[in-house]
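Protein chains: 2
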Amino acid sequence: MNRVRSDATAAPPQTFGAVFAGLKPHMAALDRFLREQVQAFEPEIREMADYCIDTSGKRIRPALVFLSGWKADGQPTAELVKAAAVVELVHLATLVHDDIMDDADLRRNRDTAARKFGSTAAVLLGDALFSHALHLAAQFPTNEVCHMVSESTRKVCAGEIVQTMRRGSMHISREDYWRIIDLKTAELFRVSCFLGARLSGVTPAYVDDVARFGRHLGIAYQIYDDLADFYGDEKRIGKTLGTDFASGKVTLPLQVLLEKLPESERAALIEEICGRQPTQMAKRMQQMAQYEVFGTVAESVQQEIETAEAALANWPEQPPSALLGQLCEVLRAQMAVLNGPL
Amino acid sequence: MNRVRSDATAAPPQTFGAVFAGLKPHMAALDRFLREQVQAFEPEIREMADYCIDTSGKRIRPALVFLSGWKADGQPTAELVKAAAVVELVHLATLVHDDIMDDADLRRNRDTAARKFGSTAAVLLGDALFSHALHLAAQFPTNEVCHMVSESTRKVCAGEIVQTMRRGSMHISREDYWRIIDLKTAELFRVSCFLGARLSGVTPAYVDDVARFGRHLGIAYQIYDDLADFYGDEKRIGKTLGTDFASGKVTLPLQVLLEKLPESERAALIEEICGRQPTQMAKRMQQMAQYEVFGTVAESVQQEIETAEAALANWPEQPPSALLGQLCEVLRAQMAVLNGPL
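Listed in order, the protein sequences are those of chains A and B. Just so you know, this note's numbering puts the end of the first sequence at 423, numbered straight through with nothing missing. Just so you know, this note's numbering puts the end of the second sequence at 423, numbered straight through with nothing missing.
Looking at chain A on its own, in the form it has when it is part of the complex (with noise of 0.2 Å):
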């Protein structure tokens, strides 16, 4: 893969799946490991975690993983494996817990946990899944990984409590909104890269450099997706458009028309967002097209990929440099076709 891949002269990719096609051994030894893990559950409860570990997602952390610590021969390690499992186990439990808070009843077009063992079994199960990514964290030789693991679970928690706290709310500034995707998307994100360049035993600046990569392409990512609550197809992203502004969560998109409206709109966009006026889609897809919304958030998802990009400038001889590369390029392929015929 690695020799293709960082073929300059190669179209760039225009999709995660293309980027991750030369990961298939390493996600195929992933879904061996998460499926062995749920025979370390206490017997009563290995079929909910099994419903859980689902193996359907993208698995973008994962393959941060795999990328971050890729070398010459591109081989998936034991201990890459294992920490790709830790990060996805650590996504998968926030997703368990936001599905619970969000009532949502489907996930990737199946019952979310909390709908099929009701939302007391998924509290808890959400917390054996944590507690599980933990326990392999443990597993490795030094503490690093299990600090950095856990430290980086709370931090997502505390992005996900201040978003909660924020709902409905508009009180909320551009700089929250910085802070919150930080800490729920970007800071795992980060660890997956930090671990996997970690692991590959690669130099200290590297890997500080990778997982600062590993940060801002995951704020412009979280961009992007809050972008897509909008303007995506709901076919291709699997769920209803506007849940977001629906459930009073104020992502960019909606941060900039509200800048940009004048006052009497503003107010009105602020009674919806409260929930105070049933919101109207529609019309506010309009306003964000005459206010041109799409293109100021589109420079602010450009300027995260080139921050990203500009983390691993000094390492263009690292294996993973180019291979993470391609992620920013995804990502920009992935903003055109968002932006593309509505």
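Fair warning: there could be bad hints in the mix.
As the list makes no split between identical chains, a pair holds if one copy fits it or if it spans any two.
[Stated by the list, open to error] Simulated crosslink set (SDA-like; lysine to any residue; CA at most 20 Å straight-line):
#	residue 1	residue 2
1	K139	V418
2	K163	G138
3	K163	A110
4	K197	D183
5	K197	R248
6	K330	R357
7	K330	G199
8	K197	T245
9	K197	S250
10	K197	R247
11	K163	E232
12	K163	H228
13	K163	D257
14	K139	D306
15	K197	G249
16	K364	E315
17	K163	P94
18	K152	G138
19	K139	G356
20	K341	G282
21	K330	P94
22	K152	G249
23	K330	L280
Since the hints were made in silico from the structure, they are not lab data. Predicted model, so just to flag it, every value in this text is computed and none were measured.
Position chain B relative to chain A; hints supplied.
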């Protein structure tokens, strides 16, 4: 404390408070340490974390760490304080999540986190407390603490899940009940004792026996606690009696009553447990008296206490042995209080 308490001629202590009196410097150190930890949380959630790090509980688990790690000089070492903080934070996190699931408004005479911050924030806050506990666990020189605590946490969650799944169901055997309390309560008692002994550098065989003591004390304590839900003093235990019964939780007292009741009455009681009929607490208490349920359950407590004591029988010269043994005396005394004039 050591000298006074292990004096065999003194009257055995009657309350946990009496045994814990000698732990005042330890608990003060723990309080300071826990309060300092609040600063480690993200600024936005510090106030919430501070609220959850409640210092009013009995702190049995930290006490087990301190007593199990007791040395001749009886000083609280930094390592013991940290280990005590880890198990207390795990316990507090489970309480935060328990209160969401039980829809409880009050705990220790003040609002639960779920009521104060909303259940959504409480789910995440519990997660953040868990994560921070593991983050502290990762600060020990070796992976062992992280390893033990994360596995233990998963077991506690598994126990709670099994208990939740069994609610309102009559398909629960005595084995099921034992399994549930072994996971949800005894496991963290066991690990608290393990960590205390382990960190004090005693021989592995003694560590194992202290851990075994903790497990059986935990089982005895949970049966006692389940009895208190029927026989306790509402003011003293700080909660309404019969809440387990009302929520369809079949604990040992109810199980014994079911075994002893004639067929027709058993069917009526099952209707109440399953929630198809309102619970008749007074009537069931009367039947418990008639069929001497207390005595049967008390026998189980007694057996577990004896198993716990037996675990330490070979180690009379070790300082923790006498101190831990006092906890058994307290539990016996507390059982006698429950059995007192109603």
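Results of checking the hints against the structure:
{"no.": "1", "hint": "K139 x V418", "in the structure": "within (18 Å within a copy, 58 Å between copies)"}
{"no.": "2", "hint": "K163 x G138", "in the structure": "within (18 Å within a copy, 38 Å between copies)"}
{"no.": "3", "hint": "K163 x A110", "in the structure": "within (10 Å within a copy, 37 Å between copies)"}
{"no.": "4", "hint": "K197 x D183", "in the structure": "both (15 Å within a copy, 19 Å between copies)"}
{"no.": "5", "hint": "K197 x R248", "in the structure": "between (26 Å within a copy, 16 Å between copies)"}
{"no.": "6", "hint": "K330 x R357", "in the structure": "within (14 Å within a copy, 40 Å between copies)"}
{"no.": "7", "hint": "K330 x G199", "in the structure": "between (25 Å within a copy, 17 Å between copies)"}
{"no.": "8", "hint": "K197 x T245", "in the structure": "between (24 Å within a copy, 14 Å between copies)"}
{"no.": "9", "hint": "K197 x S250", "in the structure": "between (31 Å within a copy, 18 Å between copies)"}
{"no.": "10", "hint": "K197 x R247", "in the structure": "between (29 Å within a copy, 16 Å between copies)"}
{"no.": "11", "hint": "K163 x E232", "in the structure": "both (18 Å within a copy, 16 Å between copies)"}
{"no.": "12", "hint": "K163 x H228", "in the structure": "both (15 Å within a copy, 15 Å between copies)"}
{"no.": "13", "hint": "K163 x D257", "in the structure": "neither (34 Å within a copy, 33 Å between copies)"}
{"no.": "14", "hint": "K139 x D306", "in the structure": "within (13 Å within a copy, 46 Å between copies)"}
{"no.": "15", "hint": "K197 x G249", "in the structure": "between (28 Å within a copy, 18 Å between copies)"}
{"no.": "16", "hint": "K364 x E315", "in the structure": "within (18 Å within a copy, 57 Å between copies)"}
{"no.": "17", "hint": "K163 x P94", "in the structure": "neither (27 Å within a copy, 49 Å between copies)"}
{"no.": "18", "hint": "K152 x G138", "in the structure": "neither (25 Å within a copy, 52 Å between copies)"}
{"no.": "19", "hint": "K139 x G356", "in the structure": "neither (32 Å within a copy, 43 Å between copies)"}
{"no.": "20", "hint": "K341 x G282", "in the structure": "neither (48 Å within a copy, 66 Å between copies)"}
{"no.": "21", "hint": "K330 x P94", "in the structure": "neither (32 Å within a copy, 56 Å between copies)"}
{"no.": "22", "hint": "K152 x G249", "in the structure": "neither (47 Å within a copy, 55 Å between copies)"}
{"no.": "23", "hint": "K330 x L280", "in the structure": "neither (37 Å within a copy, 47 Å between copies)"}
Of the numbered hints stated above, those contradicted by the structure are hints 13, 17, 18, 19, 20, 21, 22 and 23, listed in ascending order.
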